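In the order they appear, the protein sequences are chains A and B. If you want my numbering, it's the 1-based position in the first sequence plus 8. If you want my numbering, it's the 1-based position in the second sequence plus 3.
Please note that the accuracy of each hint is not assured.
Said to hold, decoys possible - Just a sample of chain B residues kept apart from chain A, beta carbon distances all over 10 Å, derived:
| # | residue |
| --- | --- |
| 1 | R17 |
| 2 | Q28 |
| 3 | D102 |
| 4 | A107 |
| 5 | Q109 |
| 6 | R111 |
| 7 | R117 |
| 8 | A122 |
| 9 | R123 |
| 10 | Y129 |
| 11 | L145 |
| 12 | I164 |
| 13 | T168 |
| 14 | D211 |
| 15 | A225 |
| 16 | H240 |
As the list claims (entries may be wrong) - Derived list of chain B stretches under chain A, where covered just means 3 residues or more per stretch with a C-beta under 8 Å from a C-beta of chain A:
| # | stretch |
| --- | --- |
| 17 | 72-81 |
| 18 | 85-93 |
Unchecked claim - What follows is a set of in silico ranges between Cβ atoms, one per label pair, in the way DEER data are often shown:
| # | chain 1 | residue 1 | chain 2 | residue 2 | range |
| --- | --- | --- | --- | --- | --- |
| 19 | A | R36 | B | V66 | 34 to 40 Å |
| 20 | A | N161 | B | V66 | 52 to 58 Å |
| 21 | B | A233 | A | A149 | 40 to 46 Å |
No lab work stands behind these hints: they were computed from the structure. Remember, it's a predicted structure, so these values are computed and weren't measured experimentally. For glycine and all other residues, C-beta sits at the position ideal for the given N, C-alpha and C.
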Amino acid sequence: MADAPLNSAAPSADAVPRSLLDHALSLRWSLPLLALLLLFPWLAPLIGGDFYLGLAARILIFALAASSLNLILGFGGMVSFGHAAFIGVGAYTVGVLAQAGISSAWVVWPVAMGVTALFALVIGAISLRTQGVYFIMITLAFAQMLYYLAVSNKAYGGDDGLSLPGRSIAGFGLDLADDRTFYYVTLFLVVLAFVLMWRLLNARFGHTLQAIRENETRMEAIGFPVYRFKLIAFSMAGALAGLAGVLLANLSSFVSPSMMQWNQSGLLMVMVILGGVGHLWGGVIGAVVFLLLEEVLSHYTIYWQFLLGAVLLAVVLAAPNGLMSLLQRKGRA
Amino acid sequence: MSAALLRVDHLVKRFGGLVATDRAQLKVHQGEIHALIGPNGAGKTTLIQQLSGALAPDAGHIVFDGADITSLSMHERVHRGLARSYQITSIFKRLPVLDNLALALQARQGSSLRFWRAARTEVQRYAQAAVVAERVGLDGQLQQVAGALSHGQQRQLEVGIALATGAKLLLLDEPMAGMGAEESERMVTLLQSLRGECTLLLVEHDMDAVFRLADTISVLVAGRVIASGAPQQIRLHPEVRRAYLGDDFEPTEVDA
């Protein structure tokens with residue numbers, strides 16, 4: 009593990025460059041954050057009980073979803089406006105399998121991720137042949153197709169959504185129905201996915217992906233099959249969003265078409281932009297700040313969306329590259 | 004005569020009613036510096052686009068290193084040893100010189116489908132990138148972000164990236180574009196130094212440079228190669244003089 013940049017201050021050989029291709033895990037504050045998250049189930053009762061445990065799980069899930077979008081949007085330069093579709097596919101796979109009587113997490117969760125990766129592969133294979141605004145529109149179109157499919161499919165709840173009999177069964181003494189256990193399983197998977205993304209971005213694949221974002225034409229001209237690399241990244245991001253969908257479906261034991269509506273895709277984009285497009289921590293910070301703001305503001309006023317908009321506006325004006333860029337600028341000063 | 008490394012056979016490219024490449028014929032021999040000249044709009048860049056795989060020809064064949072590559076994609080051609088540089092500088096502006104070159108090396112050295120091992124551990128690849136940087140005269144700028152280099156240095160990096168792909172044949176699209184006298188001089192020296200290392204097919208407007216560098220010159224007019232031969236032959240070719248060089252053209256004499 010020591011071969012990847014853990015901290016921005018890590019020493020490196022003179023002959024190896026440091027550039028925006030490098031992404032530090034910043035242990036200085038990510039370890040305390042992890043410790044806080046590990047202790048949270050004991051802290052939650054002090055501030056108001058189990059409700060906050062559910063909120064924390066929800067924030068973690070959205071941190072995963074937003075990070076998976078950041079992988080293609082921020083690091084691959086693919087502005088996908090249909091990312092919520094993959095959350096929906098993951099969630100619906102859980103719902104459909106539950107109706108068929110299959111509820112083992114060891115079967116359902118990997119299958120759901122696989123199905124989502126397959127959807128992303130097909131959607132990506134078509135969408136990635138287009139560029140710019142057309143790519144945005146075509147990904148949106150695919151997501152809306154899936155949304156209307158879910159709305160019109162009465163066998164799986166249609167418009168009303170689908171209630172699950174309960175959370176998936178994990179066995180091995182892990183009772184996912186227990187909120188605390190579910191929280192820890194969620195935390196484990198989100199951290200695992202995050203570490204994987206960190207490794208990937210600092211590996212050859214990540215360098216390739218980011219260089220494609222920087223100059224796609226030149227990447228093709230030095231011998232990279234650009235389309236193939238983008239498609240692989242798109243499918244992986246889809247699979248990770250699928251995992252977020254699996255967790256979200258389990259969190260509330262409920263699946264609904266609204267999970268994949270276009271405004272959910274917009275929400276994920278706002279989180280990424282808020283946190284920092286192309287920053288390792290962008291998706292996480294964006295999800296945490298957005299959902300906490302929503303929670304706090306909606307406590308005080310029913311016009312919370314207005315206030316949230318004002319806060320987002322202020323952030324975008326003060327830090328056009330997201331909150332992470334603000335932190336980094338401070339760090340360098 | 005040695006076998007041609009690149010053979011262009013009756014290549015045709017039409018844009019609507021315009022025939023941009025009109026049954027073009029061209030042979031580039033192993034090891035030579037071959038210059039492609041012609042007036043503006045003659046179709047030089049269109050031809051380069053087809054050779055590199057950015058544009059598909061409507062008819063004809065491109066044979067490289069003994070194989071027909073007409074239907075291969077750009078990255079497949081690069082892997083066979085045919086790489087290009089751009090007339091309008093196309094580099095990774097936000098990345099340092101070393102990253103620019105190391106990416107080109109990465110393309111040909113093993114798979115880039117590596118998801119776990121940190122790329123920065125490949126110390127050898129960065130050392131090789133530094134060697135290429137030195138080759139193109141950028142050894143003092145290894146950690147410099149490419150966008151902050153001078154225009155001349157960016158053009159050197161442009162050639163360096165193509166060189167780092169390990170190409171047998173480099174297609175250089177106006178390497179001296181927009182350069183001052185001193186920068187041009189440096190580029191001529193650089194291209195001279197590549198002689199023997201790889202074959203060059205060079206599109207260039209700087210006639211002085213062309214006549215100093217080229218072993219063979221081909222003249223493209225209205226999509227057709229009207230003449231191909233040693234600089235001395237081209238200089239005296241009546242059709243070329245009429246079509247392009249102008250009757251009063253006298254390039255600076257340089258002893259070979």
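Check your understanding: Looking back at the hints listed earlier, which ones does the structure fail to meet?
Key -> 3, 4, 5, 6, 7, 8, 9, 10, 11, 12, 13, 19, 21
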